[in-house]
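There are 2 protein chains.
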Amino acid sequence: MLSTKFAIPDVIFGRGAITHLAQCAKRVGAERVFFVSDQGVEDSGWVGLVKGMLRANDLECVYFNDVNSNPRDKQVQEGVEIYREGKCDVVVALGGGSPMDAAKGIATIVGNGGEIKDYEGANRIMRPLPPMIFIPSTAGSSSDISQFCIITDMERRVKMSIISRSLVPSISIVDPQLLVTQDRSLILAAGVDALAHAIESYVSKLASPFTDLHARNAIQLIIANLERAAEEKDIEALEQLSIASTSAGMSFSNAGLGDLHALAHALGGLCDVLHGWVHPTLLPSVMRYNLPSCMAKMGEIGRLVTGLNTGSDRDAAMMGIEKLEQWFEKLQLNTKLQKLVPNREDLMHVCNMATHDACHLTNPRPASAEDLMSVCEEAW
Amino acid sequence: MLSTKFAIPDVIFGRGAITHLAQCAKRVGAERVFFVSDQGVEDSGWVGLVKGMLRANDLECVYFNDVNSNPRDKQVQEGVEIYREGKCDVVVALGGGSPMDAAKGIATIVGNGGEIKDYEGANRIMRPLPPMIFIPSTAGSSSDISQFCIITDMERRVKMSIISRSLVPSISIVDPQLLVTQDRSLILAAGVDALAHAIESYVSKLASPFTDLHARNAIQLIIANLERAAEEKDIEALEQLSIASTSAGMSFSNAGLGDLHALAHALGGLCDVLHGWVHPTLLPSVMRYNLPSCMAKMGEIGRLVTGLNTGSDRDAAMMGIEKLEQWFEKLQLNTKLQKLVPNREDLMHVCNMATHDACHLTNPRPASAEDLMSVCEEAW
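Heads up: the protein sequence lines correspond to chains C and E, in order.
Just so you know, the first sequence maps onto residues 8 to 387 in the numbering used here.
Just so you know, the second sequence maps onto residues 8 to 387 in the numbering used here.
Treat the hints with caution; some may be incorrect.
BS3-like mimics (lysine-lysine), calculated; alpha carbons at most 30 Å apart, straight line [as the list claims (entries may be wrong)]:
#  : chain 1 : residue 1 : chain 2 : residue 2
1  : C       : 33        : E       : 212
2  : C       : 58        : C       : 240
3  : C       : 330       : C       : 343
4  : E       : 346       : E       : 240
5  : E       : 330       : E       : 346
6  : E       : 343       : E       : 330
7  : E       : 81        : E       : 58
8  : E       : 240       : E       : 343
9  : C       : 81        : C       : 58
10 : C       : 212       : E       : 240
11 : C       : 124       : E       : 33
12 : E       : 58        : E       : 33
13 : C       : 337       : C       : 240
14 : E       : 33        : C       : 212
15 : E       : 337       : E       : 240
16 : E       : 212       : C       : 240
17 : E       : 212       : E       : 124
18 : E       : 124       : C       : 33
19 : E       : 33        : C       : 33
20 : E       : 240       : E       : 58
21 : E       : 94        : E       : 81
Hints listed in this document are in silico derivations from the structure and should not be mistaken for laboratory results.
All values reported here derive from a predicted model rather than from experimental measurement.
Work out the full structure: start from the sequences and follow the hints.
So this is what it looks like as C-alpha cells:
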C-alpha cells in the first residue's frame, strides 16, 4: 500500500447542531460573515433562521444567493466582488452541493486571486482561503466534508473539478433536521449521489483502510435507509442518511472518485442535468466495466447491497449490480441515459471530456474514450 | 442524540509514510524544528533517520529527549526553555505516548505561557499552539491523533488529563514500519491500551456514530492481529494494528474514555507503572461494573471479541469479557492488580483520585470512589 492521506473538517453532528453556528463562526474569527445559500433553501425557512442566529450574536451578514443548480464561473466571480465590497472575513454556506461549491469557488478567488478556471485540476491552490463553515441541507454532495469543488465553465460548457486540501471547510455542521424540509425527489437524488461517492471511492486507486471503513458504512446505511427517508421523511432514517453522506464524503474526499463522476461532470456541463439523476443511468454499467480490476471489492459491495454473504466475489458483485438496478426501478428513478441526453451524437464528446476530468485518474480500470462510449451505449 | 464533535488531524498513513516528514514540516512553516523523542526510540535508529531527513531538507533541528515513560511536569518546563532558546517554530515528536505527550505539554506552554498544571481538565487552552507533526512508534497511545495529553504532576503524584481541540496535532504520520523495531512486550502494552481506548470510548457517554464506527473497527482489528504482531512481528499484522490504533484514537479523542482510564491515570501517578499494563488487570472488572448501563453496546463488543453472533446482549457481553480474560492469560499478561500496587492501603486514595480525572466524566455508569473500590477489589 502506498502512503495515503486522510483529512476531514471538524464535524459537529446531530439534531440541533445548527444552533452551534454563531459560536463556531466566532471561534474562527468572524465579524462579517459572507453567507451563501439559494432560493430553494430560502423557501424552506432555514436561510431566515441562519440570518437570525448570526444577527442575534452580533455578526454582520452579507447574503449571496445567485447560485444555479450547477454553479457557474460567472456566479463565483460575482460573489467574489460582493465578498470584497462587504469586507467579509468568514464564509458560511447553507444548502446542497451548489451553494457550497459556489462558496468554495468564491473563497478560492478571495484567497488566491485570478479566475476560478486557473485552479482546475488537483492541488493548484497555493494560498490559504478564508475560514469556511458549511451546513449541508441535503445528504448527498458532502461538499461540506470534501476537498472537491465543481464549477461550470460556461464558455467551454464543462464542469471543472477543482481538488485541494484547502477546499476542506474548517467546520461542517451536519444537522439531520434540515433534511425534513426536502422533497422526495431531492432526497433521492442526493442519496443516490452519496451512494455513488461511496461505491466509486471504495474501488478507487487511492482507497485506504480509513476511506474503506467509511465507504462501507455509507453503502450499508444508504441501502438500509434511503427509501424510508424519501417516502416517509422518517427522522431516524434521515439521520442515518446524514451519517451515510458524511461517511461517504470522508471516503471520496480522500480516495477520489472514478469514471462515473467523470462522465457525470461532462454530462452536467453539456446538458445542465441535476447531478444525482446521472447515477441511476450509468452506475451499473460503470460497475460492470470496472469489475475485472476490483473483483474482491466489487464482491464486498455486492454483499453489502444484497445483505447476502455467500458466493464468489464475481457472483456477489453481479448480484449487487442487479440488486441496484432493481432498486432504482423500485424507487422509480430513470435508468435510461437517453432521457438525459438530447442528442446521441453528443456522447462521444462527453466521453472525450470525461477522460480529461480529475476523477478519471483514480478509476480502478484504465478507460479510453471508446471504452467509456461502450459504457454509455450499454446505459443508453 | 446530542450534537457531537468529530475532529482529527490530517493522517498520512502507510509503509514509508515517514519519508513525507520534511515536506509536511515545510508545509506548516518549519524552519527550526523542535524534535522530541526518547532513549528507546534512539536505540531503534529512527531518531537518527529523522534528524537526517530534516538536515537533508535544510531544516534546523533542536533535539530534546529528557522524557520519562510517564512524562513529568518538570520535563515539560525544561523542554519549554530549550524550545525558546532554540527559537523553534514547529514541534515534531517521534515515539510512544510519552514523547508525544511531553511535546504537547511543551507546545501548550510555548503558545499559552504559565505552567502545565494550569491547563488540567477539559478545554482550558485558549491560545494557539505551534504546529505539531507526530510520528507514533507504537500502535497504542494514539496521542498523534487525540486531543489528550497526560502529564504527571510530581508534587501531587497524579497524572493530569489535559484535553483540548488545540492538542490535536496538525499532521499525524503513521508508518507501520516503525513497529518492526518494537519488542514483544511494548507491542502488547500498546495494543492493549488501544483496545482499552476502543472499548471505553465505544460505551462512553459522548460516543457518536462516527466514533462508534472507528471503535468497532479497532476492536475487531486488535483481537485479530495483536498476537501475531507481537509474537511474529509480521508486517501485515503490524500494519493492521497501526490502523486499529489510529481508529481507536479517532474514537476516544472525540468520545472520551471512562473509569478504566481514570483509575489507570491515578495508578500511574502513584506507582509509575507502564500505562498499558494496568488494563489487563482492570478492564474486565470495569466492563462488568458498566454492563447495566450499556448492555446493547457491551453485547456488540462481546460479539466482536468472540466472533459469535448469537445470544442475548447480556450473554454476548459476558462471553466477551470472559474471552478477554482468557486472551490476556494466553498472552501471558499479568491480570492481578496486586502485582502493580505495592500497598493495598493505597487503593482508596487511587479510587478517590480517579473520581477527579476528566475521563471519569464520560464513564457510562456513575461511580463513586466506593464503587471503584469494589472494582479494584474484584481485580486485586
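Which numbered hints fail: Violated hints: none; all satisfied.
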